[in-house]
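Undergrad: Those sequence lines, one after another, are chains R and H. Using the working numbering, you'd call the opening residue of the first sequence number 1 and step up by one each time. Using the working numbering, you'd call the opening residue of the second sequence number 1 and step up by one each time.
Errors might be hidden in some of the hints.
[To be verified] If you only want the chain H side, here are some residues facing chain R, beta carbon under 10 Å, derived:
#	residue
1	I159
2	P163
3	V164
4	M197
5	E343
[Stated by the list, open to error] The calculated lysine-lysine pairs, modelled on PhoX-like cross-linking and capped at a C-alpha distance of 20 Å, are:
#	chain 1	residue 1	chain 2	residue 2
6	H	K131	H	K335
7	R	K197	H	K335
8	R	K203	H	K33
9	H	K283	H	K132
10	R	K238	R	K326
11	H	K239	H	K295
Since the hints were made in silico from the structure, they are not lab data. Here a beta-carbon is modelled for each residue, glycine too, at the ideal position from N, C-alpha and C.
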Amino acid sequence: MQGLIDRITSLPEWYFELGRIDVTFAILMLAGVIATIMSWKGRPGMLVGAAYVVVAVVLAYFMSFQAAVGLGMIASIAALLVPNIHPEHGTISWFNDPRARGLIAQIILFLLVTFGIYAMVTNTIVNLERQNIASGFGFLNQTAGFGINQTLIPYTEESTYGQTFIVGLLNTILVAIVGIFLATILGFIVGVARLSKNWVINKIAYWYIEVMRNVPLLLHIFVWYFAVLRAVPDKRDKWSLFDTFHLNIYGIWAPEPLPGPMFWMTVVAFLAAIVIAFILAKLAKARQMRTGETFPSFWVGLAIIIILPLAAFFATGSPLDFEHPKFVAEGPIFKRGFEFQSGLQVIPEFIALLLALSIYTAAYIAEIVRAGILAVSHGQTEAANALGLRSGPTLRLVVIPQALRVIIPPLTNQYLNLTKNSSLAVAIAYPDLVAVFAGTTLNQTGQAVEIIVITMLVYLGLSLVTSAIMNWYNSRIALVER
Amino acid sequence: MSSNTTEAFVRTDFLPQQTAPVSEHGIVGWVMKNLFSSPLNILQTLVGIGLLYLIITPLFRFGITNAVWEGADRTACAIDHVGACWAMVKAKFPQYMYFQYPIDERWRVDLVGLVGLVLLIPMLIPFVPLKKTNAILLLVIYPVFAFILLYGGWFGLPIVETPVWGGLMVTLVIAVVGIVASLPLGILFALGRRSDMPLVRSVSIAFIEFWRGIPLITVLFMSSVLLPLFLPEGVTFDKLLRALIGVALFSSAYMAETIRGGLQAIPKGQYEGAQALGLSYWKMMNLIVLPQAIKHVIPGIVNSFIALFKDTTLVLIIGMFDLLGAIQTSFTDPKWATETQDETGYLFAALIFWVFCFAMSRYSIFMENKLHTGHKR
């Protein structure tokens, strides 16, 4: 980790010298012009292009970027002025040749884009120098000096900005995953309710969707955080459920599970049970294909997944303790309340953000689910009934697989939206990536370029990974199609 | 009809028509069918009514029966079990609408809003003629007019700097600019993404995927922190303008994808027909393809508008005061500090946003039905 950061940090100083940037851009620009000229398959274009390559490399290296740009323009125009000999139609004016016109348009676009990026980068370098802002990624090794109230990895005020980044990233992923889980469940319930023949349930689902999705998400978050979660008991008091779970203004307090030394056996047993259930389902399916005999693989699999870990758990002597949060109810008033670091505390920022994200996104998911189920034509259900399938298998084997095919792509979009929307955490100071990294860290170090770029890359990466997983799943489901 | 049968057991006259049994029509029939048709249905009805009771009674109590409607300051709302403090909303209403826009100049905002409405309403009603003139007035002339009036500096109007802008006015300014800018940009990038030219296509794809992949909040951070760094020394942009650029680029990427969906729905024959008539690329697009494509995706476009309208609230995070920001700021006023000020303010904000968005979504459904000229199954 440390070596990697060092290597990354030493790169920019070399790169950010103005001269190198000039050369880089000149070569970049060259590559583009050559590519476009090559794509124009006439021989004159190739010749001019080749000549230009040689001269422009020399020019760009020894003289300046501007000279290379100017030469590029002259060369491109010259290449176009040469009459284009078409093998079948003889000579046509270059101006009326769609390929030539496309070429001009692309060269102009390319020059504009390259020049835009070039101007942006040089301006940024000049501005950074003028404002005395350091560049590079060295700051990732500096001490952050601020605490974070929800950390999934060990983190203190002495930790570095690099660790701040990881803490923020993990918090973003945590709220996104739990949010996706909740939103999917709620969305499916509301979506099915929206199709209910019962008028009351149907209308409740309809108004749920219309109210929730027509109010900005930020307002959802504010309502949960500033209105609902401020109406709970203050820090000297609590509401309790079964005397195990407690709620007050500092969030939800629950017993923290402390796995003993032998707990890994239970985890292994759990994983093994999943594998066994999976293999069992495969075998049962193969046997059904071969002989037609069915086997209740779902229930047996479920039984294995439940019983095996439990057996391992009790066989190793129940190696799991719970640390209950300590509540001080007696003594001086300023000492009352929950002790920090005792038990498991779920901070109110997390709860508010999670509820707002799930409830808001569920409204969209409900509409997607409804549309997906409606997209399966009634003839499919009737055909399944005609084959003698009961309502359970009809739903499981006929309707849902076809509905899922319609549901998955827009559902993926909603998952991505939820992940991106989790960045609104910054409004209520939930320590997600944007809040602790693009917020606090940026304010402390002032290294806007690096931080914003990293943050954007993370979100772009999350988007790409999520859509890759979903595309894979989608392609598996699409195989059902003939 | 008239039968010649003579058998005695065949009836020759018609019975008078009878109404359907009570359980099949009218209120009773409807209730039996929709609420109590089976045990499961009855259970659903009971659960539903229970849910409604749990939701509606507290809301009704809070918003109407226990609410305070009149009052000069917080003392009016400082009573036990108080509901919504509507008196606060009444007193703060100008702040919610204009924020700190100078009181003497607020007629300018009103005028801009009024002219906008006058131009918008005929645009939305399908049978009103002169759509083209109307569109040019609304999308080209009106923004210039609105800018001159809101910002000032011409015709002896005093300049009102943007930091004092706020409230619903800024919400609408951002939303309208986003909409007006994102449509043409979105069309350009959608066409670019479907272009044959490799470079144009890759630039369009990169642009669209970049803006769609990052959250709006980082776009706003970028526009407030990075954009000044990208510009040459001495060139500075107004904070509002920077946010507007960010919002416009962001929403144009989404708009491009919506319009691309419409372009893909146009059969190839339309393009070939246009080319056979000798139309150039831009004429083909303007006269043949885009009118059909955009018609296809009007609901999608309106949905993007709704999303944009809701997203304007995020400018609050970079320190601008839209409607939600103005309401949030008003909570710090000790004159109106009451127990329920947060709830009241949020309820009011939710109502306003909801009315705008719900109206837009209804309109999109209306247009969808109206434009559904094909074979409807």
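Undergrad: All hints, please: hold or fail.
TA: So, going through the hints one by one against the coordinates:
For I159 (chain H), the interface hint is violated, since its Cβ never comes within 10 Å of a Cβ in chain R; the closest pair sits about 28 Å apart. With its C-beta approaching chain R no nearer than about 20 Å, P163 (chain H) sits outside the 10 Å limit, and its interface hint is violated. The interface hint given for V164 (chain H) is violated, since its Cβ lies 22 Å from the closest Cβ of chain R, which is over the 10 Å cut-off. Proximity of M197 (chain H) to chain R holds as hinted, the smallest CB-CB distance being about 5 Å (cut-off 10 Å).
Among the interface hints, the one on E343 (chain H) holds; its C-beta lies about 5 Å from the nearest C-beta in chain R, closer than the 10 Å criterion. This hinted pair does not check out: K131 (chain H) and K335 (chain H) have alpha carbons roughly 49 Å apart, beyond 20 Å. Restraint check for K197 (chain R) and K335 (chain H): not satisfied, since their Cα atoms lie roughly 51 Å apart, outside the 20 Å limit. At roughly 15 Å between alpha-carbon atoms, K203 (chain R) and K33 (chain H) fall within 20 Å of each other, so this suggested pair holds.
For the hint pairing K283 (chain H) with K132 (chain H), the CA-to-CA distance comes to about 17 Å; that is within 20 Å, so the pair holds. Distance check on the hinted pair: K238 (chain R) and K326 (chain R) sit about 12 Å apart at the alpha-carbon level, within 20 Å; holds. A threshold of 20 Å between alpha carbons decides the hint, and for K239 (chain H) with K295 (chain H) the separation of about 36 Å lies outside it, so the pair is violated.
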